[in-house]
Amino acid sequence: MKRTPEEKLLNPRPGSRIAAARDFGIDLSLTVSQLRLTPQERIDNLQSSMSFVAELDRARKKGPIAKGKQ
Amino acid sequence: MVDLEKVISALASNNVEFVIVGGVAIKLHSSGYITVDLDFCYSRSKENIIRLVSALKPFSPKPRNFPAELPYIFDESTLGQATNFTFETSIGDLDLLGEVKGVGDYSAVLSRSVVFEIYGSRINALDLDALIDAKTAADRPKDHLALPELYALREALDPNED
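Residue numbers (numbering that gives the first Met the number 0), protein chains in the order written: chain A, 0 to 69; chain B, 0 to 161.
Since the hints were made in silico from the structure, they are not lab data.
Just so you know, not all the hints are guaranteed correct.
Covered stretches of chain B (chain A as the covering partner; in silico rule of three or more C-beta atoms under 8 Å from a C-beta of chain A) [unchecked claim]:
1) 63-77
2) 92-101
3) 108-119
Once the Cα atoms are required to be at most 25 Å apart in a straight line, the calculated SDA-like pairs of lysine to any residue come out as [to be verified]:
4) B:Lys141 with A:Asn44
5) B:Lys5 with A:Lys61
6) B:Lys100 with B:Arg43
7) A:Lys61 with B:Asp92
8) B:Lys141 with A:Lys66
9) B:Lys100 with B:Thr85
10) B:Lys5 with A:Ala53
11) A:Lys66 with A:Glu54
12) B:Lys141 with A:Asp56
13) A:Lys60 with B:Asp104
14) B:Lys56 with A:Lys61
15) A:Lys66 with A:Val52
16) B:Lys61 with B:Phe73
17) B:Lys61 with B:Ser44
18) A:Lys1 with B:Asp128
19) B:Lys5 with A:Asp43
20) B:Lys61 with A:Gly14
21) B:Lys56 with B:Ser42
22) A:Lys60 with B:Lys61
23) B:Lys141 with A:Gly14
24) A:Lys60 with B:Asp36
25) B:Lys5 with A:Val52
26) B:Lys5 with A:Lys1
27) B:Lys5 with B:Val52
28) A:Lys60 with B:Glu87
29) B:Lys61 with A:Glu5
30) B:Lys141 with A:Glu54
Keep in mind it's a predicted model, so treat the numbers as computed, not measured.
C-beta atoms are modelled at their ideal positions from N, C-alpha and C, and glycine is treated no differently.
Using the sequences plus the hints, can you model the full thing?
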């Protein structure tokens with residue numbers, strides 16, 4: 000029986016491109032999460048990620064605002 | 000960051016012939032990849048350039064890092080002077096590509112695209128094989144980081160692969 004894309008990504012065959020991606024450091028569980036979404040949901044997810052990156056960039060530009068407590 | 004809904008809706012409602020390429024296309028194919036701009040390939044026909052200018056002019060495009068004190072006119076004549084442009088706009092950064100390295104001009108890109116429904120419109124985006132070719136041809140460090148997941152997705156989605 001043929002495996003689903005999700006099954007292939009979560010249990011890659013040794014020597015496959017999927018196994019190579021996992022070994023390269025790609026978190027394939029995130030790829031599986033994206034596969035479960037509709038294209039519109041993937042785009043909405045990307046837009047949210049962009050907002051988060053923009054917020055991180057604002058924090059980076061502002062710099063640390065205090066020293067952490069020991 | 001780019002406001003995807005505003006730019007995609009503007010392009011679609013003005014009937015611009017375009018194909019999403021780059022990071023947003025990669026995301027549409029289920030990658031975990033994150034980008035902050037929108038790259039698209041556009042038809043360089045005179046009619047399409049007129050539609051493209053109508054769609055984007057309200058967002059005041061200027062070349063990225065263009066001196067703020069200098070005027071910039073975004074019109075059909077400007078777009079006729081080159082093929083690829085990197086713009087900053089009031090709704091984020093946009094890369095307009097008349098050609099995509101490793102794939103070709105708009106007609107080649109369109110022939111290697113698939114259609115997604117986004118924001119209620121049918122939108123073309125580069126297919127996985129063409130994205131792999133484009134990233135391979137671009138050959139920058141960030142392209143090499145994206146390729147392993149694209150290969151993995153292609154293998155996972157191929158019904159002939161197990």
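Verification of the hints:
1. 63-77: violated (count 0)
2. 92-101: violated (count 0)
3. 108-119: holds (count 4)
4. B:Lys141 with A:Asn44: It holds: about 21 Å lies between the C-alpha atoms, which stays within 25 Å.
5. B:Lys5 with A:Lys61: 29 Å, violated
6. B:Lys100 with B:Arg43: Holds - the C-alpha atoms of Arg43 (chain B) and Lys100 (chain B) are around 16 Å apart, at most 25 Å.
7. A:Lys61 with B:Asp92: 22 Å, holds
8. B:Lys141 with A:Lys66: Cα-Cα ~34 Å, so violated.
9. B:Lys100 with B:Thr85: 15 Å, holds
10. B:Lys5 with A:Ala53: At roughly 18 Å apart (the allowed maximum being 25 Å), Ala53 (chain A) and Lys5 (chain B) satisfy the hint.
11. A:Lys66 with A:Glu54: 20 Å, holds
12. B:Lys141 with A:Asp56: With a Cα-Cα distance of about 19 Å, the restraint between Lys141 (chain B) and Asp56 (chain A) holds, given a limit of 25 Å.
13. A:Lys60 with B:Asp104: 39 Å, violated
14. B:Lys56 with A:Lys61: Violated, at roughly 32 Å.
15. A:Lys66 with A:Val52: Holds, at about 23 Å.
16. B:Lys61 with B:Phe73: 7 Å, holds
17. B:Lys61 with B:Ser44: 21 Å, holds
18. A:Lys1 with B:Asp128: Judged against 25 Å, a Cα distance of about 22 Å means the pair holds.
19. B:Lys5 with A:Asp43: 13 Å, holds
20. B:Lys61 with A:Gly14: Given that 25 Å is the threshold and the Cα spacing comes to 47 Å, the pair is violated.
21. B:Lys56 with B:Ser42: 17 Å, holds
22. A:Lys60 with B:Lys61: 24 Å, holds
23. B:Lys141 with A:Gly14: 24 Å, holds
24. A:Lys60 with B:Asp36: 20 Å, holds
25. B:Lys5 with A:Val52: Distance of about 19 Å is within 25 Å: holds.
26. B:Lys5 with A:Lys1: The hint is violated at about 41 Å.
27. B:Lys5 with B:Val52: Holds: Lys5 (chain B) and Val52 (chain B) sit about 15 Å apart, inside 25 Å.
28. A:Lys60 with B:Glu87: 20 Å, holds
29. B:Lys61 with A:Glu5: 43 Å, violated
30. B:Lys141 with A:Glu54: 22 Å, holds
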